[in-house]
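Chains S and B supply the protein sequences, listed in that same order.
Residue 0 is where the first sequence starts when you use numbering that gives the first Met the number 0, and the numbers rise one by one after that.
Residue 0 is where the second sequence starts when you use numbering that gives the first Met the number 0, and the numbers rise one by one after that.
Please note: incorrect hints may appear among the correct ones.
[Claimed, not checked] A few chain B residues that face chain S, going by a derived Cβ cut-off under 10 Å, partial list only:
1. GLY22
2. TYR31
3. MET38
4. ASN40
5. GLU54
6. ARG148
7. VAL155
8. SER171
9. LEU173
10. PHE174
11. LEU180
12. ALA181
[To be verified] With the C-beta cut set under 10 Å, the calculated list includes, among others, these residues of chain B facing chain S:
13. PHE43
14. ILE65
15. GLU66
16. ASP127
17. GLY167
18. LYS183
19. LEU184
Because the hints were derived from the structure by calculation, they are not lab data.
For clarity, every value in this text was computed on a predicted model and none was experimentally measured.
Built from N, CA and C at the ideal position, the CB exists for glycine as well.
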Amino acid sequence: MTNINNMDLDLFERLCLTKTFDELSQEERQFVLRMVTEAEYNVMYEVYQTMQRGCPDEIVPSSILKDKLDEALHAKKCRKGIFQLRMPVYQSAAAAVIFFLAGFGFNLIRDKPEKLACRTTEVVKYVDRPVKQIQYVTLPARKEQNQVSQPQSEAKTAHAEEIHGKNEVLPESNSDIMRQHAIALADVNPASNDTNGVSMENDTVLKKMVVTMY
Amino acid sequence: MSLFQKDYSTKPDEELMSLLTKGGQQAFDELYKRYSKPMLNFFFRMLNNDRTKAEDMLHDLFLKIIEKPESFDHTRTFSTWFYTLAGNMIRNEYRSYQIRNEYMQQSRNQSNEWVEFNEENIDRLSFDHQLQAELEHLGPEAKIMFNLRFVEEMSVKQIAEITDCPEGTVKSRLFYITRQLAKKLSVYKSVLN
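Whole structure, please, built from the sequences with the hints as guidance.
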């Protein structure tokens, strides 16, 4: 049952398609039994017979299908009709050259349009930066505005006295105020030196001012 | 009029294909007349008796020869080439997940039905139906081979060409398929005897 060659398969199929096991000759039976059992052979025979009888439920294609295919064939013929206009290569090349030359000549004949002068005007727009924060610095008012007839030294002295009298403590962080304060004090010192006899040795700001003046 | 009309019914398939390449409507009509019914039934059997799908496949198959008749290999016989196209279409269809699922589901349903039927009465009719059910269980390759050999009654050589297998392989496969079917249908031996 193991060594089955093509010849055996051909013969087996021929027998199985035509004869039942009972109809087989002795030799044929021996041959068949080398490949399958008697029961298997009988079923195989029946399978072949059933298949040869054909399927009972054969179907017929619908007419719509044929119509669709005819339409497709017709459409293909139309498509082919359009694209079948074939032209030799030299003709198409000649046509291309003619078109090119015609286009080139047309460009030469045509007047060239005058060039438009292009002028550009630069417009610079300034935009002011908006003021977001305003810092107000309050300084003590000078008395000399009211005492116009007083000599300058006296006015300064009074101004210095007023500042000393108030004994204000200005914040160190505000450098402008500190500087104004120092200047005010510097103006006062020479006058006070005249009257009180205090030395100017320690007054560095006054010294600087004197040097600058000279 | 009929005197000038060519008789296409006597022309071989290959000549009709040549005429179809030139856009011959009558050549197409003749090919359709010859092959539409067997091809439809081939698809019908291969696709779990689904008529709609079989008609779709038949439409696509004929559309192929309309659109590209020049793809026909004139060294081969038309029927072999045409069945090769059909076989490839079926293989592609089987490859899709959906049909595999449907196929499995349908086979299961059919098997269940027949188990009940067998218990009631075992006769020749049930054998035929059971054979059809078992054929549905076969894989696509085996199914194509079996149908081509025993329904379409093609030669082993033609089947070898269609399935792209050596003749010896086709013969041995057909033998083992039939034997496998016989083993499954051996329950009917009392009826057959």
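Verification of the hints:
| no. | hint | in the structure |
| --- | --- | --- |
| 1 | GLY22 | 5 Å, holds |
| 2 | TYR31 | 6 Å, holds |
| 3 | MET38 | 9 Å, holds |
| 4 | ASN40 | 5 Å, holds |
| 5 | GLU54 | 6 Å, holds |
| 6 | ARG148 | 8 Å, holds |
| 7 | VAL155 | 8 Å, holds |
| 8 | SER171 | 6 Å, holds |
| 9 | LEU173 | 7 Å, holds |
| 10 | PHE174 | 5 Å, holds |
| 11 | LEU180 | 5 Å, holds |
| 12 | ALA181 | 4 Å, holds |
| 13 | PHE43 | 6 Å, holds |
| 14 | ILE65 | 5 Å, holds |
| 15 | GLU66 | 7 Å, holds |
| 16 | ASP127 | 6 Å, holds |
| 17 | GLY167 | 5 Å, holds |
| 18 | LYS183 | 9 Å, holds |
| 19 | LEU184 | 5 Å, holds |
This entry satisfies every hint, going by the numbered hints stated previously.
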